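Visitor: Take the sequences, apply the hints, and build the full model.
The letter at position 34 of the sequence shown is residue 28 when you use this note's numbering, and the numbering goes up by one with no holes.
It is worth saying that the hints were derived from the structure and are not from the lab.
Possibly wrong hints are sitting among the right ones.
As the list claims (entries may be wrong) - Restricting the straight-line Cα-Cα distance to at most 30 angstroms, the calculated cross-link-like pairs of lysine-lysine (BS3-like) are:
1. K206 to K228
2. K60 to K143
3. K319 to K274
4. K143 to K202
5. K260 to K325
6. K282 to K35
7. K143 to K17
8. K264 to K228
9. K228 to K35
10. K148 to K325
11. K206 to K260
12. K54 to K29
13. K35 to K53
As the list claims (entries may be wrong) - Here are the computed distance ranges between Cβ atoms for each label pair:
14. N101 to G280: 51 to 59 angstroms
15. E291 to K325: 25 to 33 angstroms
16. G280 to F63: 25 to 33 angstroms
17. Y13 to N275: 28 to 36 angstroms
In this text, all values refer to a predicted model and were calculated from it rather than measured experimentally.
Note that CB positions come from ideal geometry on N, CA and C, so glycine has one too.
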Amino acid sequence: MVKDCFWELLFLLEGFGWYEENKSLIRVPERLLDKFNENMKEICRDCAGGSVRFRTNTKKMAVKCKFGFKRESATNTQSCDAGFDLYRICNGEYQFVGTFRPNLNENFIDMERNITDEDKVYDYVLYMPIMSYVEDFSVGFEKDSVIEKATERKDKRRVVVYGSSISQGGCASRPGLSYPSILSRMLGVEFINLGFAGNCLGEEFLAKEIAKLNFDAFIMEYDENTPDAAHLLKTHQSFFEIIRKAHNNIPIIIMTKPDFRHNVRKDIAKRREIIYATYKNAVEKGDKNVYYIDGREMFPDDIRGDFSNDTTHPNDMGFYKMANKIYPVLKRELNIHNFI
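Guide: So, in structure tokens, the structure goes:
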């Protein structure tokens, strides 16, 4: 492998809303870090939803990565926590190529794999790890291979997702299978993943910063992370209103957590009522571009538990079901026609 290249020079970076300000792969404004608790200071460095896009005709590719930290959780695969997923774009379709991942108990990746037998230049997307902080990485290509910047998207619009570990992608088997990443491929637009496992608390100061970003649709799902219904009641509608005030015409999807249990806990039912009230109040005030998705309706009732990894997080089938529930709303409201 030669032609190790620095991604910022040749690759198109996506999924980091504050990269121009931070110049690092941190998913919130770095100047705000002191406002967060210690867990959030670490989780916001997870690279969930981040990707690089490029064009090449190489038949082999290598990924080298040094992690600032790497998680090894009981319910996630190594590929989810610390893997890079490679997709090829062929005739407008995204094709999964393979995953580059570390060995257990290693804080780095140094892996090479065959990616094609063809001598053709393709666009590729390399998704970053869901639950680890990438301190440095490089991509290796075959000698004399073509390496170019990715074909620019025809559709430059962006969707922001704010949510729990579910939105971050926890328990997907690999990075490309979180529901925001699936939707990004289905719709052909960039997604910015602001899922923060266990620490999505609806803070007003963060809502105001998110509202300053340029985006064209917004998804919010964070009831799973609030310590109690009272906290959700205090933050949910105000969070929505901050986003709506700054983006008065975009579609906003308000979701409740995916519900995998047949017997719903009372506190979950209460939270659902609070979330629906945010939606209902917006509609009653004349909002014509707000949408409510009930987590109970995402899965067939008789086998709903089969779409979960641990009764809280979706598995790959669950994420696919989530994406397919959200997709029609965004496709219609964004008037999507292209897929690259």
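Visitor: Now look at each hint and say whether the structure bears it out.
Guide: Structure-based check of each hint:
Distance restraint check for K206 and K228: the Cα-Cα separation of roughly 22 angstroms lies within the 30 angstroms cut-off, and the hinted pair is therefore satisfied. In summary, the hint linking K60 to K143 is supported, as the alpha carbons are separated by about 23 angstroms, within the 30 angstroms threshold. Only pairs whose Cα atoms come within 30 angstroms are accepted, and K319 paired with K274 is accepted, the gap being roughly 20 angstroms. Straight-line distance between C-alpha atoms of K143 and K202 comes to about 33 angstroms, which puts the hinted pair past the 30 angstroms bound.
Taking the CA atoms of K260 and K325, the gap is near 34 angstroms; set against the 30 angstroms cutoff, the hint is violated. In summary, the hint linking K282 to K35 is not supported, as the alpha carbons are separated by about 36 angstroms, beyond the 30 angstroms threshold. At most 30 angstroms may separate the alpha-carbon atoms for a hinted pair to count; K143 and K17 meet this at roughly 19 angstroms. For the suggested pair K264 and K228, the alpha carbons sit about 13 angstroms apart, so the restraint of at most 30 angstroms is met.
A hinted pair counts as satisfied when its Cα atoms are at most 30 angstroms apart, and K228 with K35 qualifies at roughly 23 angstroms. Of the supplied pair hints, the one linking K148 and K325 holds, its CA atoms being roughly 15 angstroms apart against a limit of 30 angstroms. Of the supplied pair hints, the one linking K206 and K260 is violated, its CA atoms being roughly 36 angstroms apart against a limit of 30 angstroms. For the proposed pair K54 and K29, the alpha carbon gap of about 44 angstroms is over 30 angstroms, so the pair is violated.
Between K35 and K53 the alpha-carbon distance is near 39 angstroms, which puts this suggested pair outside the 30 angstroms criterion. One distance hint, 51 to 59 angstroms for the beta-carbon pair N101 and G280, holds here, with the actual separation near 53 angstroms. Here the CB-CB span from E291 to K325 is close to 18 angstroms, at odds with the stated 25 to 33 angstroms. Separation of G280 from F63 is about 46 angstroms and departs from the stated range, judged on CB atoms against 25 to 33 angstroms.
Roughly 35 angstroms separates the CB atoms of Y13 and N275, a value that falls within the hinted 28 to 36 angstroms.
Comparing the model with each earlier hint shows violations of hints 4, 5, 6, 11, 12, 13, 15 and 16; every other hint is respected.
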